[in-house]
Structures are given as structure tokens and as C-alpha cells.
Amino acid sequence: MSAEIVRTAESSTTADATAKTVESVVVRFAGDSGDGMQLTGANFTDNTALYGNDLSTFPDFPAEIRAPAGSTFGVSAFQIYFGSEDITTSGDAIDVLVAMNPAALVTNLKEVVSGGLVIVDTGAFNEKNLNKAKYNSNPLLDGSLDAYRVLEVDIHNQVIAAVEEFNLGHKMALRCKNMWTLGLVLWLFDRDKQTTIENLQKKFAKKPDVANANIAALNAGHAYGETAELPSGIEVYSVPKAQAAPGKYRDIDGTTGIAWGLLAGGQLAGLNILFASYPITPASSLLHALAARKEFDVTTFQAEDEIAAVCAAIGASFAGSLGVTSSAGPGIALKTEAISLAVSAELPLVVVNTQRGGPSTGLPTKTEQSDLLQAVYGRHGDTPLPVMATSSPSDCFEVAIEAVRIATKYMTPVMLLSDGYISNASEPWLIPDLEQYEPFPVEFHENPEGFNPSLRDPESLARVWAKPGTPGLEHRIGGIEKSYETGNISYDPDNHQLMTDTRRDKVGGISKDIPAQTVALGNESGKLAVVGWGSTFGAIHQGVKRCRQQGLDVSHIHIRHIWPFPKNLKELLSGYDEIIVPEMNTGQLVKMLRSEFLIDAKGLNKVSGQPFKIGEIVNAIQAELTERAE
Amino acid sequence: MNQAVDKLNVADFSSDQEVRWCPGCGDYAILKTIQKLMPELDRPRESQVFVSGIGCSSRFPYYMNTYGFHTIHGRAPSVATGVKLANPDLDVWVITGDGDALSIGGNHTMHALRRNVDLNILLFNNEIYGLTKGQYSPTSKVGTRSPSTPEGSIDRPLSPCVIALGAGAPFVARSIDTEMKHLGAVIKESHAHEGASFVEILQNCPIYNDGIFEQVKNKKIAHDFKVEVTHGQPILFGKDNSKGIRLNRDTLSLEVVTVNDQGSMNEILVHDQTNLAQAQLLAAMQGNDFPVAVGVLYHKAKSTYVSDLGEQRIAVKENRSDASLRSLLHSGHTWEVK
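Chains as they are written, first to last, in my numbering: chain A, 7 to 636; chain B, 1461 to 1798.
FYI, nobody ran anything at the bench for these hints, they're computed from the structure. Among the hints, erroneous ones may be present.
In the DSS-like style, the derived pairs of lysine-lysine whose C-alpha atoms are separated by at most 30 Å in a straight line are [claimed, not checked]:
1. B:K1777 to A:K254
2. B:K1777 to A:K300
3. A:K26 to B:K1798
4. A:K619 to A:K247
5. A:K597 to A:K576
6. A:K254 to B:K1798
7. A:K208 to B:K1777
8. A:K213 to A:K199
9. B:K1679 to B:K1492
10. A:K573 to A:K518
11. A:K300 to A:K208
12. A:K26 to A:K619
13. A:K300 to B:K1762
14. A:K612 to A:K116
15. A:K608 to A:K576
16. B:K1703 to B:K1680
17. A:K199 to B:K1798
18. A:K551 to A:K619
19. A:K209 to B:K1777
20. B:K1601 to B:K1699
21. B:K1699 to B:K1641
22. B:K1777 to A:K213
23. A:K608 to A:K597
24. A:K199 to A:K209
25. B:K1703 to B:K1601
26. B:K1648 to B:K1677
27. A:K208 to A:K177
28. A:K254 to A:K208
29. B:K1648 to B:K1703
30. A:K576 to A:K551
31. A:K209 to A:K300
32. B:K1798 to A:K208
33. B:K1798 to A:K551
34. A:K209 to B:K1798
35. B:K1798 to A:K247
36. B:K1648 to B:K1496
37. A:K576 to A:K518
38. A:K209 to A:K254
39. A:K212 to B:K1777
Please model the complete structure; the sequences and the hints are all you need to start from.
In C-alpha cells:
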């Protein structure tokens, strides 16, 4: 379904005259895994997008698959940050927390701003649940919530009453709690219910009773906001619409962006894709996304392990498809020997690394950027390959296409770095016009005349791609060093030097074939540049923006092509007096910038499994510029 | 196409690369057998792909004038799986050894077999690591003295064919490097089989494990230590077929019996290559008490991984015949900003 929304400066027709206008709000829905918080969040996101706010969302699932009800480790949350200006992170602190039980309250309260609104379901605040959340006394009674505005509603009873006529039974009736809550929150932000009603009718098309009960709960929650005598200080928020480029939008998360980008890349290259992978958090969702797309020219293969996955992908590339594999850090480590084979055999391969917290099993469900040096340098031998990083969910589509282009044009593995945050977060995406993408069709070698497997394109230095099945081009390749002239095995010292140089120059030459580095925000020279890569984009962008509004001379540079770097990067960076590099690691890009360019870049590092907050970037910029002034 | 195929001969399948195995290596005989067999397969040369891992045997693809990929240690079945998935029209061969396929690559061998990817896996079993200079392998007999086991190896060997059957391989056979006729016939049958096929080739390493298969290779004594099984035929061996294999139905085990009259002949097991339990018993026969079984031990058709995958894809494509990337990008909830 698509809806026609005209964005204007006018406020919504139903807006309360007394509505409190804010530029942006962070709302977090938190409840038990079984409370349907993800669905609530998704519906609220739909409404918010339709309303015309810019937004970013982030789901926070428990690592446990079926955690006991009421436990703190079983809390499932969905956060949405939306507003009238560009939103690029899922938000620092929570303005509105919806806590469906004590565990949800205790695990999220410390992130709520002072004076923030906390909505609690008093029906869930019984002794059993308080004990499970390890509360010694009831926080609703002991004054521990005095710093917040608290809206206490017995959602249990409200829901039971609202859906009584449908005779669902107690348990089923309570399942409508999330829709009641959503109704209340929609009222709070002056949002229309219609989209959610349509979603529910579609979702429960075969169970009209369930659909109607959920709709009744939604309406009841909304009506409660309109009619109940609410405590003072609780009123409708008005969040004005954002300016956005015209066109058709949808929500996109990073996983879907990469999956669709790979499909598009395959089409632009004219190749079938073999996507071979082994399940690992948080990368598995990419396998799921592509496994469900058999109508396209993609085959997915769940291998027996990480090594088999990358090897099958390499085999497919040898046979004339595009091999793609994906994993997280520990799995990439296992694939490393095979990736080196693809470098040596000069076959295209796309390796997606959805980074997570390390070392070892580390923090599987948390995000980190600590695999950059592994991606660039982490192989035996002198084994260069291009490395790219996506910076947001809506960036993923483009980056995946670019990875396919470079892999096939240069006959090389490409490492595409994403992370757990990007893969799960979602944001509105201006749906691209596929006609605008320049195709890059692969031309397989077919002429037996003078053929040998070491023939190279003189410009790109890419080796020839001759696929099995082509008459007259029978040849052997492998991991042993090959003669530059014939492609046959060669242990000749001068030849190894030449081949090593050629591999280096081929990958290095890609710097001529990628866009020059631009400045994401600010001037092309000045006092301070904040240089980032990957999912820190949002926080850096907002942080730099706020500091520029305060009149500080600071710019934001975000690097997509990390190996090789864009040709102009050194010159660009040399135009700033100071450079700081925020990273969710102990300093990896900063190390590369220092070693490649001999510049005095400084690290701003955080390795907590949590994304940077905007405030942390702002503080670092202010500290840097104040220090300089002193 | 066939016309061209008819004209091919051994030389057409020999590459211009100098063969670098040690003099007397059993691999020479295997290479020659396969080069001779190729023209008989009635398949275009460009459709043949040899994929190998690491080890002496894995140099094999360099000597075949076909497509070839010398990959990394143990991973040939995985690379070959990718080749077959990308282009099911190719004949994909995996050339591997006992270390490559059963030590470092044991996992991949098992999974290629149980998935039933249409690969022809040829395992050259010399019960030793040759290329790394003579360490014992997972098929070495207990007590094998090697640089890494100076007092003799203490871990028990595994039997490649037993492993293959256990992994669900639909075609399992065993042959011997220098028995060109037998080896050629077995490989030809494995090639004709649709699905994963596994052939163990007992191969002599003259440098590090010389004579390890002497009992089954020496014509003077082999009749007592080797039994050739043929589907539908009684399992007989020994001089003048004087011995046979019988199933003891009480212990569910095999016994060697002397065949001296029709009565004892009637008790001899008739080889049924579709009988998995029997194949497992035959594959496990070894040592001084039993002859080593060679020939096709097991052969039963199953649908292949690639054909099942193709059926799924066809079904999905029929249901979503109007699929396009554009419609995918516009699917679900979208909204217009003007």
C-alpha cells in the first residue's frame, strides 16, 4: 500500500492547540519478549513515516531465544528516534519509555532523560514480576520515579474490558495489550490510527475476530488518551514534519539493503549469484533475506562451516557466477585462508562482514568496528584486497552494488564491512530508480587464440575470466605462484616479485576508479575534521552539525573506500589543523591514516558494544577545539 | 559436438606440464587410466573440471588438459560444490588424498556426500602424508613409524569407504592404482552415476610407505587378500575361487568359508550393491582375517542436491513469475513525499 502524503508547514488538522512542539523525540517500547514490542514499534514507525517525520529505529532483542517471562534478560525493546530535521542515529537518551513490566522499567530507566515520560502498565507490577526484576520495593510507590513524569495505567484491565465482546479468553485478550499501548502512544504524538488498522486487517485477514479485537484495543488506547484525566504535564507532543527530497520512500534495514544491493549488482554485472554462508549472529539475516528470493538469479547455500561457505563461493566464481559469502568476525577469521586463495587465483568474490563485539565469541548481539585491520591486513602473505564500509542502512544498497562492480572488474575478493547496528537498524529510504545505474556487464573470455589464464587487462590489471565449459580455453589455476607470462606454476624469484607487485598495483589502482573523498558536512579545510567510517556516521554527523550551529569550525568526513583510500584523501586531510577519528574499537582507522599519510590524527575510541552517542562526539569536538584555543 | 568428442584421444587430455611425482608413484598409473578413460566418456573436454586440495594427489589437475582448480588443503569438495551449483552441466571431479579428504577436509567430504552433490570424488589412499615428507595419516595402520611417530602411531585408522557409506554416499567403490582395467571400469561407472560418487583408490607411495598394499597388489598372493565384488555375483576369492564370504545371521557379521561343494556354495553371499548394510560389512573387511573388497560396494540412485534445488527454484519462479527488482524495492509499505 502506498499513501499520498503532502509535506507542508501546516500542522496536523487534529493537533491539540496546547500541544507541546519538539524538534525530535526518542521513544522506546520495552516489554517481555512475548509482549509484541517489535510489532508495536514497527507499526508506530509506519505511522511516523507516513506522518512525514524523518526517523531511525533500532530493535534490541534479548540474546536468549526464549527467556523466562518477566526476567530482565528477556526484555525486548524497540527504539525509534524521529523528528523534523534529518535523523541519522536511533537517539541518545530516551524521552518516552513505555515499560510493560518491572523488568522493562529497571533495564531501561537509566537511559531516560530527567523529566522524561514513563508509561507503565500497573497491571504487570505485581510481587512476582517485581521480584523477577529484583526490585526490593515497588518503584511506583517508593518515590524512585520522582525525577520523571509517570503515566500509570492498568493496561491489563483496560484491554480485558476493551476486547470483552470478542470472547477471546483471558490469555488471547491480553495479547492485545501492545495494540492498546500503541493506541495511547499514537494519541500522544497526534498520529493517525488508520495505517495500523489496515495493517491489522491484513495481518489477521483469516482471523477477523483477532483483527477486530486488536483494532478495538487500539481504539480504546487512543480514546483513553483523549478522554481520561491525565496527570498534569502529560500532553500531546507535536513533532513537525521533516524536509525530505520528493519521491517514493520505504523503510530499509541494513540487511535488506545489502541483500537487494547484491541482487542489483548481479543484474548490472549480468551474473548469477551463489551466496554461500554459515549461520552466525548477527550476519545470518542476510542468508535468510536472500534464501527467500529464489525468483531472482541467486542461489543460497548454507554450508557445513564458514570455510566451506567461502570455498563454495570461490568455486562458483571460478565457474562463472559471482560468489558471495558473509559472516561476522570469528567466521571471517576462518575464511581467511580461502580469501587468500581467491586473491592468488584472481577470482571475484564479495565477503560481507557484519561486525560484532570481539574477541572470540565476544558480544555476538552487540556492535563494534573492530575488524577493520583484519579486513585490510589480516591475511598470510602479501595479500591485498579492496575494503569498503557501509555507513547506514540506506547506504547499504549502493555499497553492495559497488562491491560487486569492483570484484568483477578487478577479479578480486572485496571485503564489505557492515555491523550489527547497521544490519538491524532501519530508516526511510528514497527508493532508487534502477534505470539510473550504469550496467557493468562481465565479458567472459571466449577466444582461444593466444589464450592463457594469465592474460591481463592492461589498464585495470585484472586477470582474464575464462569459465569452464568454454571450448578451447581449458586451463588450470590454483594457489601456487603462477608465471606472469603463462599462468603455469612458477617458483622463479623474479616472477614472484613481479606477481606480488602486480597484485599490489591492481588493488592500489582501484583508487583511480572510485569517487574522490568528499566532505559530508562542513568545509574542505579548517580547524578540525572528524573522520569516521561505518555506522558511526549518524552520531558524527549530528555531533558535527550541533557544533557547527554553535559556530565551531569542524567538518565531518566519512570514508567508504578504506582500501585503497580515495586518491585525494591525503591532500584533503592535510587541509585541517586537527583530525579526530571516532571508532568503536581501540583505534584502527586512525592507525591506518597515521601510517599511510604520516598525519597526527587522534583516536576517539569506545568499545562498549554500544554505538556512539551524539553527546560523546559533541564533547570530543568541544574539548579538542577548546584545548587548541587555550 | 559428439563428432569432436569422438576424435579425442589420450594425448588430448594430457597437459603440457611436466609431471612431477616421484618415480614409481602410484599416481602415474591413476593419471594414465583417467586420461585414457576421458575419450570414452563421450563428453566434451571443456565440460570436465578437476578440483583438488593439497597433497601429492592434488597436483593431478595440472596434468589434465581440462579445466582444473588446485585449491587449498581439505577444501576441494566445497570448491567443487560451488562449481557444480554454478554450472550443473559440468562434470566435476574431486581429486583428493587420505589426509586431504579425511583429516583436514573430513567435514567437507562428509557433507558433500550426504548432500548428494553430483561430484566424482576420487580419494588416493596411500596411508601416509607424502608432500609434507612422510608423517602418518588418518588411514595409517596402528604402529606406522613416521617422523612424527618415531615409536609408531597409536591412533586407530579409519576406513574411507566406511566413512563414505556412513555419510550417506549413494555410490561407493574401491580399486587399486595399478589395476588399470578395474580402476577404469569403476571410475567410468562412478562418472555415469548421477549424484555424489566416492572411489577409494589404494595407491602406493614408493618413498614413505612402500609396499603397504603389497598383499592386494602382488599377483602371487592377491587372490587370498583381495575380493572383487560384482553385483549379482557370489562373493568368492582365493585360488580357483576356493573361498567365499558368508553372512552369519546370528552375529550379523561376515565369515570366510571354504567352498568345496554345492552346499557351501549356496551359503555364499551374493553381492547386492543396493544393500547398504551389506556394503558396510564389505567395506569394513580388512586385516589378515578378511580379504579387502574392491569394486562397486554400494550404488543406489537418489535425487541430487542440484536437481532438488532446481525444482524448488522452478516452483518459486512459477509462483512469482512477474518478479522484478523494481517491484521488490517497491513492495510492502511505501509512501510518497511531494
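- prompt: Keeping to a limit of 30 Å between CA atoms, is the pair of B:K1703 and B:K1601 held or broken?
  reply: OK: B:K1703 and B:K1601 at ~26 Å, within 30 Å.
task: Assess, step by step, whether the Cα of B:K1798 is no farther than 30 Å from the Cα of A:K247, and give holds or violated.
output: holds, 13 Å
30 Å Cα cutoff - pair A:K612, A:K116: holds, 19 Å
query: Straight-line Cα separation of B:K1798 and A:K208 no greater than 30 Å?
result: holds, 27 Å
- request: Decide if the proposed pair is consistent with the structure: A:K608 and A:K597, CA atoms, cutoff 30 Å inclusive.
  value: holds, 9 Å
- prompt: Quick one, are A:K597 and A:K576 close enough, alpha carbons at most 30 Å?
  reply: holds, 14 Å
task: For the pair we were handed, A:K208 and B:K1777, check the Cα-Cα distance against 30 Å.
output: Status holds; Cα separation ~24 Å.
- request: Take a quick look at whether A:K608 and A:K576 sit within 30 Å of each other, Cα to Cα.
  value: holds, 15 Å
query: Between B:K1699 and B:K1641, is the straight-line Cα distance small enough, at 30 Å or below?
result: Holds, at roughly 20 Å.
message: Just to be careful, I want the Cα atoms of A:K551 and A:K619 compared with a cutoff of 30 Å; is the pair within it?
response: Holds: A:K551 and A:K619 sit about 14 Å apart, inside 30 Å.
message: For A:K209 and B:K1798, compute the direct alpha-carbon distance and say whether it is at most 30 Å.
response: The hint holds at about 29 Å.
Holds or violated: B:K1777 to A:K213, with C-alpha atoms at most 30 Å apart: holds, 29 Å
Every hint, counting from the list given before, is met by this structure.
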